[in-house]
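There are 2 protein chains.
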Amino acid sequence: MSVSDEKAALDVSGIQKAVRWYPPKYDIRVEAVPIPQIIDPDDAIVKVKLAGLCGSDLHIYRGHEDVDADLTCGHELIGEVVALGPSFRPDATGRPELYSTLKVGDKVVSPFTVSCGECHFCRIGFTCRCIHSCLFGIPTLPGGQAQYARIPKAGGTLFNLSSLQSSSGSGEQPWDLSKLSDSSLLLLADILPTGVFAAMQALQHPKIAPILTGKPYPYGGFVPSSPVGQAQASTALQEGDKLLTIGIVGLGPVGVCATVSLLDILAGLGASQGLQYQVIAIDPIESRRTKMEAVYNAIDVSGKGSGRFAVASIEDGKKLASGWTNGAGCNAVLEVVGNNSALTLAYDIVRPFGIISSVGVHQEPPIPFTGRDVYNKNVSFDFGRCPVRAMFPIALEILLKRQDVFGGVGKEASLIDRIVSFDEAPQVYEDFDKGRCGKILFDPWR
Amino acid sequence: MSVSDEKAALDVSGIQKAVRWYPPKYDIRVEAVPIPQIIDPDDAIVKVKLAGLCGSDLHIYRGHEDVDADLTCGHELIGEVVALGPSFRPDATGRPELYSTLKVGDKVVSPFTVSCGECHFCRIGFTCRCIHSCLFGIPTLPGGQAQYARIPKAGGTLFNLSSLQSSSGSGEQPWDLSKLSDSSLLLLADILPTGVFAAMQALQHPKIAPILTGKPYPYGGFVPSSPVGQAQASTALQEGDKLLTIGIVGLGPVGVCATVSLLDILAGLGASQGLQYQVIAIDPIESRRTKMEAVYNAIDVSGKGSGRFAVASIEDGKKLASGWTNGAGCNAVLEVVGNNSALTLAYDIVRPFGIISSVGVHQEPPIPFTGRDVYNKNVSFDFGRCPVRAMFPIALEILLKRQDVFGGVGKEASLIDRIVSFDEAPQVYEDFDKGRCGKILFDPWR
Chain A
1 MSVSDEKAAL DVSGIQKAVR WYPPKYDIRV EAVPIPQIID PDDAIVKVKL
51 AGLCGSDLHI YRGHEDVDAD LTCGHELIGE VVALGPSFRP DATGRPELYS
101 TLKVGDKVVS PFTVSCGECH FCRIGFTCRC IHSCLFGIPT LPGGQAQYAR
151 IPKAGGTLFN LSSLQSSSGS GEQPWDLSKL SDSSLLLLAD ILPTGVFAAM
201 QALQHPKIAP ILTGKPYPYG GFVPSSPVGQ AQASTALQEG DKLLTIGIVG
251 LGPVGVCATV SLLDILAGLG ASQGLQYQVI AIDPIESRRT KMEAVYNAID
301 VSGKGSGRFA VASIEDGKKL ASGWTNGAGC NAVLEVVGNN SALTLAYDIV
351 RPFGIISSVG VHQEPPIPFT GRDVYNKNVS FDFGRCPVRA MFPIALEILL
401 KRQDVFGGVG KEASLIDRIV SFDEAPQVYE DFDKGRCGKI LFDPWR
Chain B
1 MSVSDEKAAL DVSGIQKAVR WYPPKYDIRV EAVPIPQIID PDDAIVKVKL
51 AGLCGSDLHI YRGHEDVDAD LTCGHELIGE VVALGPSFRP DATGRPELYS
101 TLKVGDKVVS PFTVSCGECH FCRIGFTCRC IHSCLFGIPT LPGGQAQYAR
151 IPKAGGTLFN LSSLQSSSGS GEQPWDLSKL SDSSLLLLAD ILPTGVFAAM
201 QALQHPKIAP ILTGKPYPYG GFVPSSPVGQ AQASTALQEG DKLLTIGIVG
251 LGPVGVCATV SLLDILAGLG ASQGLQYQVI AIDPIESRRT KMEAVYNAID
301 VSGKGSGRFA VASIEDGKKL ASGWTNGAGC NAVLEVVGNN SALTLAYDIV
351 RPFGIISSVG VHQEPPIPFT GRDVYNKNVS FDFGRCPVRA MFPIALEILL
401 KRQDVFGGVG KEASLIDRIV SFDEAPQVYE DFDKGRCGKI LFDPWR
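Sequences listed follow chains A and B, in order.
Residues 1 to 446 (the UniProt record's numbering) are what the first sequence spells out, left to right.
Residues 1 to 446 (the UniProt record's numbering) are what the second sequence spells out, left to right.
Looking at chain A on its own, in the form it has when it is part of the complex (with noise of 0.2 Å):
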């Protein structure tokens, strides 16, 4: 099919129905708007599958963003390839090896945010802070909440499932991508790369290290030092040393990928390094408490291990941070909110030289510790959006082992709610807010 034959391909009436924001806030209308057009030789046109509702997508929604103009909605989106701008066809030059093996036709998942893969940032997997970095549904980038919608950079930012289906990896046997539903497909997107990532954050951190590798600090890094200086470590670990407490503060629908995401590393590295682990998973609301219990039940014991887990109100994960403990706090703190009660709740609860891996998007209030807080007990942080792009194929195998979890629509165990028609999403967006639904899909064509 050549690129003409492509945009023939789209409706023939040039509209498309779409969820759109209106300022200053809570306005949700569903609208016809003009079908997305190749506009720059690197653009992809995709036809959505399905696109999801996400909590980031409140803050504009609320008004928080000081956005003056309206937008379409959403930043999750998985589809088909329905039309492709001259830099992928076949005899085009100049552009990256990731240019020609895009096809139309081809399945895929488009991340958060736009990154081309080739500048530094995409390079070295920072790819949500490419140089030419942009989130889709802000006025100037529409949305995946739509029938069609125009990925920018598309060589670069797109997923292709297809070419993964058929790829054989490193020799390895190849992803059998065959049993993942589209919804579970979706989660790749934003919530369970995000999840995976604040997890990541905190087992990758060198004051994690020496539980890990069984070294004391500060030789457990990437940094060499002689033997002489290795063989000078004033101590050594013990058995009991190799214990592991984390926190998750949150239990939204990113709180709890990050929990499964957790809990699946956690038993690897219990079964390879005899890591022993306690996990607590903190939610003021007790609703997402017990989602977050039936998600743990659905769990089957490779993705557990025999660590120790509980879920907690604000008030008894405190307890526990300390109990667990001997009183010394959780080794790290997801934190999966992005607002100041939970960063003080991560600080409260985390042990001296701990981590707080911050994934929570955060807003205009200053950071609420003072510097005599951060010093005295030589907190860590890291802090920012998830590199989408590059977390994909850790999140893409935690989701194929963790179809106990992520496979179903509407089971409890399940993180996904519904799919609903766009008429709807005036009614889930407010139903969204107020907490009264978990995460939600829509199907643009149903």
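Careful, some of the hints might be misleading.
One copy or two, it doesn't matter: identical chains are merged, so the pair holds either way.
Lysine to any residue pairs mimicking SDA-like chemistry, simulated, CA-CA at most 25 Å apart [what the hints assert, rightly or not]:
1. K49 to V301
2. K377 to P366
3. K25 to N376
4. K179 to V420
5. K411 to A236
6. K377 to H64
7. K377 to L320
8. K304 to G105
9. K25 to L135
10. K215 to S272
11. K304 to G323
12. K318 to T101
13. K47 to P34
14. K304 to T213
To be clear, the hints were calculated from the coordinates, so they are not data collected in a lab.
Fit chain B to the supplied structure of chain A, relying on the hints for placement.
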């Protein structure tokens, strides 16, 4: 010599000279006070040969620490063990091996905090947050600016230079400390390990790992991922990506130690892994910049390799951080000051996914960033006090290699300006506070 004999070696008068501070501020007196005695079985009494005056002594001097009782100053000392508590007797039971090797007559350096060497925090290397941690030079624990000092938990706290000198490491060559002067060794009590720690926190961080390992984030870390996952990483590093740009904010004595240590480690990584580096050392005070330049010129090629180095004012530093990186900013910034101007400058010059390694002693003011600042730049922070006892072997390796800088007193490139008697204490505290001198050591017997 028996323990009772050892005590007899103390001055028979029972009285010693010490530098003492009185509240509320700026009140330094040289007084006769009792020689400390063993009061706990784990104590040692050390006859002080040299004691340092440190930038963080100024926090109490200036009345910033809300201390309301007089105290014996100082937290940097080198000396000789003259008495040991019963835990060090050959027939003592229940004490770890550390307590069996320290002898009367041993030459020792004390870190600025007590650490037991036995608790979980000590075992994994976070010695400055030992459950028995206590800072020297506070009302309840007299400091090192005295003729004698009592060292609690001395088996864990003290670095035993005598046993190092005679040990042979891990079967490699023994440490040859014979060429190191006491004034050079005293740097191990605080400022050199703190400088090394500032550098190591940055270089060990997983966000630096892609540059050091050549593997895109998140595959360079401790947490294993399947080969299939790694093969699906979207991107590969290019040769030009192995370039690390690091800023240092603050060129006081600790900042100079951080810079020298950083350059030494980077030169090693350049030789072994082909890493390129750019280092920008920033201070607003011209005399400090001049000292830093003299130090840099004194370092031989083994300690700086072939990277690019500049000493800069704040404005010039900002220009270089942008100009040397195509506007991206520094991969990491070492913040060695301890106030909000320094933290803000560090934020301004760090790139997205950059690290701020903050070893400055921060006070009451709130951290000067909003949640949006840190989220939008994916900033990582490591705050807090250096675990000197754990960093000691690495610091000693650098001290041995970098005698071109750390070897002399009063030389243009030396970190130590002068060695003075206690009688000059009121004057040198004032001079140091006003920035009229560099690092000062006290000889208590002069």
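Each hint, compared with the structure:
1. K49 to V301: neither (33 Å within a copy, 60 Å between copies)
2. K377 to P366: both (19 Å within a copy, 15 Å between copies)
3. K25 to N376: Cα proximity of K25 and N376: across copies only (22 Å, versus 41 Å in one copy).
4. K179 to V420: The answer is within: 22 Å in one copy meets 25 Å, while 77 Å across copies does not.
5. K411 to A236: Neither: 48 Å inside a copy, 40 Å across copies.
6. K377 to H64: Intra 32 Å, inter 19 Å, cutoff 25 Å: inter-copy only.
7. K377 to L320: within (19 Å within a copy, 33 Å between copies)
8. K304 to G105: neither (38 Å within a copy, 54 Å between copies)
9. K25 to L135: The answer is within: 19 Å in one copy meets 25 Å, while 53 Å across copies does not.
10. K215 to S272: both (16 Å within a copy, 22 Å between copies)
11. K304 to G323: within (21 Å within a copy, 49 Å between copies)
12. K318 to T101: For K318 and T101, the Cα distance exceeds 25 Å both inside one copy (50 Å) and across copies (41 Å).
13. K47 to P34: within (13 Å within a copy, 84 Å between copies)
14. K304 to T213: within (20 Å within a copy, 30 Å between copies)
Of the numbered hints given earlier, the model fails hints 1, 5, 8, 12; all others are met.
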